[in-house]
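*Asks:* Listed here are the chains, written in short residue letters.
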Amino acid sequence: MNKGVAITGMGIISAIGNTVEENYFSLVNNKAAITSIENIPTVHKAVIKVGEIKKTNQQLADELQLAADNNFSRTALLGTIAAKQAVQNAGISSINEYRTGLISATSVGGMDMTETHYYDYFENENLVKYISCHEGGDVAHKIADELDLQGMVTTISTACSSAANAIMLGARLIKTGKLDRVIVGGTDALAKFTINGFKTLMILSDGYNMPFDNDRKGLNLGEAAAYLVLESDAIVEKENKKVLARVSGYGNANDAFHQTASSENGEGAFLAMEKAFQVANLKSEQIDYINVHGTATPNNDLSEGRAIMRIFGENKTPDFSSTKPFTGHTLAAAAAIEAVYSVLAIQNNVVFPNLNFKTPMEEFNLVPQTTLKHKNIEHVLSNSFGFGGNCSTLIFSKSI
Amino acid sequence: MEALKQELKEKIIAVLNLEDINLEDINDNDPLFGDGLGLDSIDALELIVMLDKDYGIKLVDPKEGKVIFQSIETMGNYIKENRTK
Amino acid sequence: MRKTYINGVGCISAQKTVDTVFLEEAELNESDTILPLKIPVYKDFISPVAIRRMAKGVKNGIVASALAMKEAKVTTVDAIITGTGMGCIEDSEKFLKTILENKEEFLTPTSFIQSTHNTVGAQIALGLQCKAYNLTYVNGSVSFESALLDAKMKMEEEEASTVLIGGIDEIADYTTSLFKLAGFIKKENQSPYRVLNSTTKGAVHGEGAIFFALENEKKENTYAEVLDIEILNKLKVEVLEDKIKTFLNANSLQISDIDAVILGYNGDVEYDTYYNTLSENAFVNTPQVYYKHLCGEFNTASAFGLWVGAKIIKTQQIPEILKVNTLENTEYKTILLYNQYKGIDHSFTLISRC
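Here the protein sequences come in this chain order: A, B and C. Going by full-length UniProt numbering, the first sequence opens with residue 1, and the numbers climb by one from there. Going by full-length UniProt numbering, the second sequence opens with residue 1, and the numbers climb by one from there. Going by full-length UniProt numbering, the third sequence opens with residue 1, and the numbers climb by one from there.
Rather than coming from a laboratory, the hints here were simulated on the basis of the structure.
Derived DMTMM-like pairs: lysine to aspartate or glutamate, alpha-carbon spacing no greater than 20 Å straight-line:
hint	chain 1	residue 1	chain 2	residue 2
1	B	K85	B	E7
2	A	K199	B	E64
3	C	K180	A	E125
4	C	K243	A	D148
5	B	K63	A	D213
6	C	K97	B	E46
7	A	K178	C	E156
Between the sequences and the hints, there should be enough to build the whole structure, so can you do that?
*Replies:* Next up, the structure:
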């Protein structure tokens with residue numbers, strides 16, 4: 001296998017916890033956090049359930065000790081909290097000491113501010129500062145500012161696979177020697193825009209999402225942010241850094257089938273997984289756990305399931321689970337929080353449970369791991385797929 | 001019923017931006033999806049909203065659309081029986 | 001190491017940049033604060049069934065990408081990488097307005113789908129049935145450069161031999177009014193809006209879709225080789241020159257090796273100091289080029305800048321309308337592009353004749 005790129009720090013904030021430790025505690029104790037929505041005034045309040053972080057923007061801003069006249073969107077607040085944790089966890093004191101970059105991911109960006117103030121900008125001068133939040137890179141710029149990071153900063157937006165692509169790009173930048181250290185991840189806050197968008201596609205569940213269940217009715221949206229610090233082996237050696245795990249494989253492909261739906265046989269997903277195996281130089285039987293995309297929409301789980309069976313072979317699928325019943329589908333942040341969960345699975349040798357599963361799908365006999373399972377975990381494969389046919393796969397491996 | 005079918009044709013052309021299609025191009029029994037007009041699943045979602053907005057019919061499962069939206073004829077019949085406005 | 005060549009271009013902009021040689025019909029508009037693009041004949045490129053739901057940016061992206069591929073004589077690509085600052089903002093506006101005005105009722109999916117930033121790259125892939133690597137960057141004025149850097153890495157990694165990249169941004173009415181309110185767009189009563197030696201804040205805005213077909217092989221129709229790209233979040237004006245020297249040195253070049261420098265002047269008196277310092281010091285003896293007076297400022301306007309650079313190398317001439325100074329060179333071999341927006345998202349791009 002290929003050695004992969006070292007992960008030396010991680011940070012996360014999600015509905016199931018404000019730190020890596022809290023997230024882990026929730027995952028191993030079946031503490032899901034799909035609830036009614038509190039922070040957003042929406043007419044769908046009574047019908048939908050979400051994975052919401054129960055903190056107001058003010059509370060988040062206070063934690064970051066931001067000035068009162070700050071113009072952080074909620075997406076930026078969450079992202080900055082997670083990125084700061086990651087940098088601290090990696091023991092970085094001087095961020096520009098090495099060629100350091102930030103590759104962030106978001107789909108919502110500052111939409112939460114745009115939709116809140118859209119018609120008020122002309123009435124209230126104090127709101128004008130939020131107009132610049134809408135642009136895609138605003139979140140990354142704010143995180144970079146808070147980290148005092150001056151080097152390469154960019155943002156990826158490929159809908160629900162965004163953060164997987166950010167992690168992939170970070171790993172490539174280190175492998176090709178363009179950067180020494182890259183902070184990678186993604187952030188998305190809940191917004192009326194996405195709630196209503198997913199509602200028009202009729203893929204929101206009115207209950208709790210049930211990945212890979214025959215009676216699944218759709219997804220719960222969520223909000224979260226997670227970032228990982230990737231460092232070159234030169235830094236790891238020089239500073240004797242602790243390596244949490246490694247990004248050993250990655251693949252990106254396009255389904256080229258439909259603007260929002262996945263193809264019947266999961267071609268894009270299949271190609272992304274195949275590519276990730278090539279990059280990692282691993283065989284499918286070496287995977288100990290798949291953190292599936294598993295959004296619990298009828299379309300995704302069928303398509304992903306078929307792609308998994310094509311790659312792994314019938315009845316040869318390793319333990320798999322979707323962690324979205326815990327957190328909801330956190331869109332551009334999903335692959336980042338699931339990267340953190342993949343590293344936690346490797347560090348603690350556990351497979352997290354796929355909650356809410358009862359009945360196998362009639363199309364195939366794929367049954368997810370429904371309880372916490374302890375076993376040695378060397379390699380985890382994590383899938384993330386987005387609208388526009390964007391399919392990405394990451395493989396994380398134990399550091400030897 | 002004839003008036004309703006005519007109305008549906010007009011609405012479909014407008015809602016789905018079928019600029020190059022004329023009213024007389026759509027026959028009552030022509031399939032709307034696939035080979036006929038060539039509509040797709042996103043169009044189906046648009047039509048579901050039209051049912052709700054204009055006729056007060058709420059569909060919860062997009063799969064129901066498959067049967068209802070087979071043709072102008074099937075749509076017309078469904079609306080006639082289920083409309084609340 | 002595999003090289004990266006620009007073998008085809010497709011440029012939809014406020015100027016006539018399709019079926020022309022190089023801006024011979026360019027028109028300078030100094031009286032408007034918005035420069036809309038010249039709408040191409042979509043029907044020549046997109047079927048009526050496909051076009052009916054497409055956002056403006058999607059349509060322009062498809063046309064520009066088709067032009068670039070046609071010129072490079074390629075029919076398939078190994079990667080599609082796009083950059084956009086605001087995405088298809090017109091459809092975002094449409095969806096958001098319906099949410100607010102209809103109180104979250106009777107919403108339809110089309111404008112939501114068209115509003116996701118990756119929709120241009122996705123629909124190009126759908127049209128080409130291209131299942132390869134597909135990515136979209138959305139980071140202010142380095143959105144396009146991020147795509148270019150990624151493409152170049154793909155070549156170096158030997159993961160691709162043909163890559164389609166492009167920058168797409170569109171003008172939308174309400175966002176324009178917000179940008180005027182915030183002062184990003186110049187005030188209405190200050191014309192003529194001159195980009196050079198401007199004394200006012202903000203910029204004249206524009207839109208465009210500018211695509212490039214990149215290949216790892218030099219061909220008959222090759223424009224230029226892409227030597228290097230660097231992206232920096234923040235840079236103080238005092239250290240800009242040093243950073244450029246370091247960047248050039250890494251490519252075994254010096255300031256004197258640069259035959260023309262293309263600067264991203266946008267007429268914002270607050271931030272054009274970055275360009276002025278280069279113009280008046282390090283590159284005082286170098287032919288200098290500007291272009292945003294022709295295409296307007298937008299997050300991916302620098303893609304128009306690269307189009308200008310590629311054209312200069314191919315035609316070996318700089319049209320008068322682009323000149324900052326009167327200097328000329330007998331040969332335009334190596335060109336440096338520098339761009340930033342509001343003092344952040346700096347990029348250096350180096351291209352050369354081959």
